[in-house]
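Residues per chain, in single letters:
Protein chains: 2
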Amino acid sequence: MSQGKLLYAQSGGVTAVINATACAVIETARAAKVPVLAARNGILGALREELIDTTKESRSAIAALRHTPGGAFGSCRYKLKSLEQDRARYERLIEVFRAHDIRMFLYNGGNDSADTTLKLAQVSRELGYPLRVVGVPKTVDNDLAVTDCCPGFGSVAKYTAVAVAEASLDVESMYDTSTKVFILEVMGRHAGWIAAAAGLAARADGDPPHLILFPEVPFDEAGFLARVQATVERVGYCTVVASEGLKNRDGAFLSEAGTRDAFGHAQLGGVAPYLADLVRDRLGYKYHWALPDYLQRSARHLASRTDVEQAYAVGKAAVEYALAGHSGVMPVIVRTSDTPYRWKIEPAPLAKIANREKKLPKSFIRRDGYGITAAARRYLEPLIRGEAPPPYAKDGLPAYVRLKNVAVPRKLAQGFAG
Amino acid sequence: MSQGKLLYAQSGGVTAVINATACAVIETARAAKVPVLAARNGILGALREELIDTTKESRSAIAALRHTPGGAFGSCRYKLKSLEQDRARYERLIEVFRAHDIRMFLYNGGNDSADTTLKLAQVSRELGYPLRVVGVPKTVDNDLAVTDCCPGFGSVAKYTAVAVAEASLDVESMYDTSTKVFILEVMGRHAGWIAAAAGLAARADGDPPHLILFPEVPFDEAGFLARVQATVERVGYCTVVASEGLKNRDGAFLSEAGTRDAFGHAQLGGVAPYLADLVRDRLGYKYHWALPDYLQRSARHLASRTDVEQAYAVGKAAVEYALAGHSGVMPVIVRTSDTPYRWKIEPAPLAKIANREKKLPKSFIRRDGYGITAAARRYLEPLIRGEAPPPYAKDGLPAYVRLKNVAVPRKLAQGFAG
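So the protein sequences, as listed, match chains A and B. Take the first sequence: its position 407, counting from 1, is numbered 407 in my numbering, and each next residue is one higher. Just add 418 to wherever you are in the second sequence, counting from 1, and you've got my numbering.
The following block holds chain A by itself, in its conformation from the complex (with noise of 0.2 Å):
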């Protein structure tokens, strides 16, 4: 019996690595004869039968999307609910499957994604259709459980880390007569990994970033002020690191707290001028604010190396895994040792991983809820470790690849409703 054709789909909010995964994926099948089909929007393409065919794209193209930040395929937004709720989706799913001999699927994402490919497992068994379904683990925000790691944060630990380092200097030549505060917004709506990697760039005591604002410590304004005074007038200047999520104590988001727009609506997002405000307020300090947004999860100029090896290593495993005929599992990251640090790839299975949400552990928060442990340092300074800069075209911009991306014939004679 012939093992039939794999399908790859990426899920949710891309990395600057999720492509390095791709990679690893369509080389892995491809060493071992079996077409690689990507679904076009992540699980969408699938439901839509937008499906490309990998197998047009050459040599070189592939191995160029291991330095490629996005999706090469798009990804999507869009969560399939449960069994009884959807399950006219799940069955169009298996018919999309059926009809382009998909016996393996792979799915790149999150805790949502490891619930849908669960789900999957479940219908096509129900309806007697042979499928592999793997998992494979990808987010900036380092929640997913289980594994030790998320392919996605190191990079964007690493691009965090080296911009509160650089920014940094530039507001220390300057404090005398400029800039006193210096505020960098950084992502985690729900968790504080990202603004605990911050705490990365502090290499000794008295280094910036001098203060880390973590949505798992209600933001406490007296508290903060004084602690922004303080800081300027020891070290002469301030750089803080917020995280987009901090809260208020009323558990409200302060970046909704702020200010109304000329048409009266409430300003969305900027915890950082929110900030600032508070800081030109009430210590009449200069103060600069950055929010770098998707650039600090689309930096794969800026990669960590680590991070890239990892994204890679999923991808390959999930392959093997789905060859040798495992289902229901996600290749997860183990940590073997801290120093040196040293890690491996494990079969995990899904349903240890769908829906749960990794906190950041109370332990890597120092007592004062403004700095990170010692522990964090030492889980997550591995993560940022070793470079792994694309190659760079003569006009000085990284050469990134775009794929032909052909699609693959419809079979079925009905669409997707929607």
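Think of the hints as simulated: they come from the structure by calculation, not from any bench. A few of these clues could be false.
Across the chosen pairs, the derived CB separations fall in these ranges [as the list claims (entries may be wrong)]:
#1 A/A374 / B/A831: 45 to 51 Å
#2 A/A324 / B/P758: 52 to 58 Å
#3 A/A351 / B/L643: 47 to 53 Å
#4 A/A393 / B/N823: 36 to 42 Å
#5 B/A622 / A/P361: 43 to 49 Å
#6 A/D368 / B/P809: 32 to 38 Å
#7 B/A622 / A/D207: 42 to 48 Å
#8 A/D207 / B/A825: 42 to 48 Å
#9 B/A622 / A/D250: 47 to 53 Å
#10 B/R652 / A/A407: 16 to 22 Å
#11 A/P349 / B/D813: 33 to 39 Å
#12 B/L643 / A/K286: 32 to 38 Å
#13 A/T336 / B/L643: 52 to 58 Å
#14 A/A374 / B/L643: 48 to 54 Å
Heads up, simulated SDA-like pairs for lysine to any residue below, C-alpha to C-alpha not over 25 Å straight-line [to be verified]:
#15 A/K33 / A/P409
#16 B/K822 / A/R203
#17 B/K812 / A/R203
#18 B/K777 / B/R760
#19 B/K734 / B/K499
#20 B/K812 / A/D148
#21 A/K56 / A/P409
#22 A/K404 / B/R652
#23 B/K499 / B/A481
#24 A/K404 / B/T595
#25 B/K822 / A/K362
#26 B/K822 / A/K79
#27 B/K704 / B/R652
#28 B/K812 / A/I345
#29 B/K474 / A/K286
#30 A/K79 / B/R774
#31 A/K362 / A/G206
#32 A/K81 / B/T595
#33 A/K394 / B/K499
#34 A/K286 / B/R607
#35 B/K499 / B/E509
#36 B/K770 / B/D519
#37 A/K404 / B/R621
#38 A/K394 / B/Y703
Every residue gets a Cβ at the ideal spot worked out from N, C-alpha and C, and that includes glycine.
Mind docking chain B on chain A? Use the hints.
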């Protein structure tokens, strides 16, 4: 007669490569056996007699300045006024120079610094104190007259073009179900040089950035919104680059026309959130925006090699000019060929540079006002060519140097009144 000492000072906003100029100044002077002092926090350090003895720094520490962002000796925003208004300050500077046998003064800055340097030359002549003054160009704004480009600009230009390319790959992967409009706000209060550099990311027609908003082109709200909509309908998403200096038809900054904070103050900074609110309210598209602020001008990790080489070359030439007896000049970059790109350094009279401002030529802005021309690309592209990454430490962070900055003992009884 001894040649005396050379004093070097950094002025105004720092860049990713101003320390490469400092490196060149010290290495070139050391080779000529001339001791280099540095002023702490720019010209203020000279006024306050806060001088740093760079001879106390190791050869490797000075070499590491070449890859370290920020201003190693501190800079300042402090403008000396006219000779009539500020004569006492100019005389104080000469007094400090005389006390420390400083016979050469190198001032590393922009238009204002060139003016200060010129006036100092005049006062020293009047007072019969032999002083050679040489300006050294530096500014991310790229607005100095005479020189073809300014050290510091090429690196922020490269950062901006790479950021647009990377973030757009992210948006392109997700627009089907998520963000359709991405807005990047870049520096450039008075001229659109940095905004123009973002245009380098578009190698082919239709590539992002799709719209550039220059400070030179009054903002046309209806025209902007129509183009955003047309781009989303044609391409699927729209990347917008907006200069912080964008103005409305009345000449007012858009960033100040927007929202008010909880205290009723105009919220400063933020053309990007202003435009994002417009897009949401008028077009209903999901948007994201980024404001990298200091990250863009301190990103030494992504410096342009051309820029680093030019920053070094002007520092070296400045010392050579001073040693050769020149005064009242600045080394400028002369472009001798576009293809292949070739440049050389020449001395230019400070009088031709002081207090002038080089605007973005009209011929660099596309007729429709939303993009750059082929002439702009021809000028800009060589400036971002080549990479010059810093060395990284084992912990995954760049190995930036922090100097000892040993103070020179004071010789004057009197302090600086302020």
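To see whether the hints hold, each was checked on the structure:
{"no.": "1", "hint": "A/A374 / B/A831: 45 to 51 Å", "result": "holds, 49 Å"}
{"no.": "2", "hint": "A/A324 / B/P758: 52 to 58 Å", "result": "holds, 54 Å"}
{"no.": "3", "hint": "A/A351 / B/L643: 47 to 53 Å", "result": "holds, 48 Å"}
{"no.": "4", "hint": "A/A393 / B/N823: 36 to 42 Å", "result": "holds, 40 Å"}
{"no.": "5", "hint": "B/A622 / A/P361: 43 to 49 Å", "result": "holds, 47 Å"}
{"no.": "6", "hint": "A/D368 / B/P809: 32 to 38 Å", "result": "holds, 34 Å"}
{"no.": "7", "hint": "B/A622 / A/D207: 42 to 48 Å", "result": "holds, 44 Å"}
{"no.": "8", "hint": "A/D207 / B/A825: 42 to 48 Å", "result": "violated, 22 Å"}
{"no.": "9", "hint": "B/A622 / A/D250: 47 to 53 Å", "result": "holds, 50 Å"}
{"no.": "10", "hint": "B/R652 / A/A407: 16 to 22 Å", "result": "holds, 20 Å"}
{"no.": "11", "hint": "A/P349 / B/D813: 33 to 39 Å", "result": "holds, 35 Å"}
{"no.": "12", "hint": "B/L643 / A/K286: 32 to 38 Å", "result": "holds, 34 Å"}
{"no.": "13", "hint": "A/T336 / B/L643: 52 to 58 Å", "result": "holds, 55 Å"}
{"no.": "14", "hint": "A/A374 / B/L643: 48 to 54 Å", "result": "holds, 52 Å"}
{"no.": "15", "hint": "A/K33 / A/P409", "result": "holds, 21 Å"}
{"no.": "16", "hint": "B/K822 / A/R203", "result": "holds, 17 Å"}
{"no.": "17", "hint": "B/K812 / A/R203", "result": "holds, 12 Å"}
{"no.": "18", "hint": "B/K777 / B/R760", "result": "holds, 23 Å"}
{"no.": "19", "hint": "B/K734 / B/K499", "result": "violated, 29 Å"}
{"no.": "20", "hint": "B/K812 / A/D148", "result": "holds, 21 Å"}
{"no.": "21", "hint": "A/K56 / A/P409", "result": "holds, 13 Å"}
{"no.": "22", "hint": "A/K404 / B/R652", "result": "holds, 19 Å"}
{"no.": "23", "hint": "B/K499 / B/A481", "result": "violated, 35 Å"}
{"no.": "24", "hint": "A/K404 / B/T595", "result": "holds, 21 Å"}
{"no.": "25", "hint": "B/K822 / A/K362", "result": "violated, 37 Å"}
{"no.": "26", "hint": "B/K822 / A/K79", "result": "violated, 56 Å"}
{"no.": "27", "hint": "B/K704 / B/R652", "result": "holds, 16 Å"}
{"no.": "28", "hint": "B/K812 / A/I345", "result": "holds, 24 Å"}
{"no.": "29", "hint": "B/K474 / A/K286", "result": "violated, 33 Å"}
{"no.": "30", "hint": "A/K79 / B/R774", "result": "violated, 58 Å"}
{"no.": "31", "hint": "A/K362 / A/G206", "result": "holds, 22 Å"}
{"no.": "32", "hint": "A/K81 / B/T595", "result": "holds, 16 Å"}
{"no.": "33", "hint": "A/K394 / B/K499", "result": "violated, 45 Å"}
{"no.": "34", "hint": "A/K286 / B/R607", "result": "holds, 17 Å"}
{"no.": "35", "hint": "B/K499 / B/E509", "result": "holds, 13 Å"}
{"no.": "36", "hint": "B/K770 / B/D519", "result": "violated, 29 Å"}
{"no.": "37", "hint": "A/K404 / B/R621", "result": "holds, 17 Å"}
{"no.": "38", "hint": "A/K394 / B/Y703", "result": "violated, 36 Å"}
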